[in-house]
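Undergrad: Position chain A relative to chain D; hints supplied.
Number of protein chains: 2
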Amino acid sequence: MNKLNNIRIVLCQTSHPGNIGSAARAMKTMGLSRLHLIKPRKFPHAEAVAMASGATDVLENAQIFDTLDDALAGCALVIGLTARQRELSHAAISPRAAAAEALAIAADLEVALVFGGETSGLSNEELIRCQRLAHIPANPDYSSLNLAAAVQVLAYELRVASEEAPQAGGKRLQPATHDEVEGFYIHLEQTLIAIGFLDPALPKRLMLRLRRLFTRAGLQKEEVNILRGILKSIAEK
Amino acid sequence: MNKLNNIRIVLCQTSHPGNIGSAARAMKTMGLSRLHLIKPRKFPHAEAVAMASGATDVLENAQIFDTLDDALAGCALVIGLTARQRELSHAAISPRAAAAEALAIAADLEVALVFGGETSGLSNEELIRCQRLAHIPANPDYSSLNLAAAVQVLAYELRVASEEAPQAGGKRLQPATHDEVEGFYIHLEQTLIAIGFLDPALPKRLMLRLRRLFTRAGLQKEEVNILRGILKSIAEK
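Protein chains in written order, with our numbering: chain D, 1 to 237; chain A, 1 to 237.
So here's chain D without its partners, still in its complex pose (with noise of 0.2 Å):
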């Protein structure tokens, strides 16, 4: 469980001690322990121990910084999250979705995932820092999740990805790339040309359906090896 030490949560400016607990409470009861704070309007507090219950070590051992930049050093890949609609324009990505590639890169090497103030979540500046943006999936009527209601759903996707990567002296699984992935589907087009179940001439949906099971899945490095093997040997039969 040890890629959870490569992940930290950093909240930005939070107004709410209370919050800052509860997110504590919630990051240690899905085994996540690295805390960073930016610029916190109260702390520590009394409310943010009284709502951490059992995780004070996590408000403990929490990292205060001045800046953003300062509490992001050596992270590989930052993830920020965003619950409003105008961010999310370069094509923000599910919390699912970025559990897994969080997890990828946590492997090796360090995650940050980002959540901003109570009160209007990431400022521009902080946005262009982020590679990513994950948006928790929300009744269009009321998005307004509590801070630590969003760490939690985060660090709940962290947990559950984290149980389901291989563990530990067990066989290593690595996520095919995106051009091994890519090279695939061509391969895969080309055979169901070859065979006669594709007709060029009409259009791709059958293609595109045949992406989508694929993109559920999450092709790993040695099953799109597995499924162009199979591709060969039916062009050779």
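If you're looking for bench data, these hints aren't it; they were derived computationally from the structure. One should not assume that every hint holds.
Put simply, identical chains are the same to the list, so a pair is met inside one copy or across any two.
[Said to hold, decoys possible] With a Cα cut of at most 30 Å, we get these calculated DSS-like pairs of lysine-lysine:
1) K237 / K221
2) K3 / K221
3) K39 / K3
4) K3 / K237
TA: For chain A alone, kept in the frame of chain D given last:
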């Protein structure tokens, strides 16, 4: 999104009114609105209103009951949340599986998700009224989720599942049945033998790998038809 209207959140013997308010907020952010309370210690209460933020309508419409049986009236499926290992004896399911099952039933019938009190969770008497138990994966050294955080996780999974489900008016996607999926695996195995990719004398690790891939994706009826159509075309090549 109206399936969510057939799902009620039932909180048993909640001690802290603030948790009821936070749970109401968690529900509303995810599109849930029906809150049932069994003997709350303090309710209505100013702390509940304060924590509910903009979700006071959920509190105002909350129904209060003396017994769990009364709160479950009309439910076709009752899922209880448990944090404790000893209750896992009859195989607790994940929040994701619970959400999928709840939504499938909620298409036509009423569903309840039942949460115990803050200190000791669901009593044995409450547990026996649940057809399913669900367990939120957690840090084994500190698995004490706040009540509202647990509601948030389940409500989030319900939201994600409801957004993945087919939209009204859109094309209805149906999961393939067990028999259809097994039929596909048999057909796939025969084809792999026919094209010389699988040696029937060797162990079936290859089929296990392929099963794992398709299980992760969760095959739909239409996808099984496409895949079997491809296998048929290979045979006819």
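Undergrad: Checked against the structure, which of the hints given earlier come out wrong?
TA: Those not satisfied come down to hint 4.
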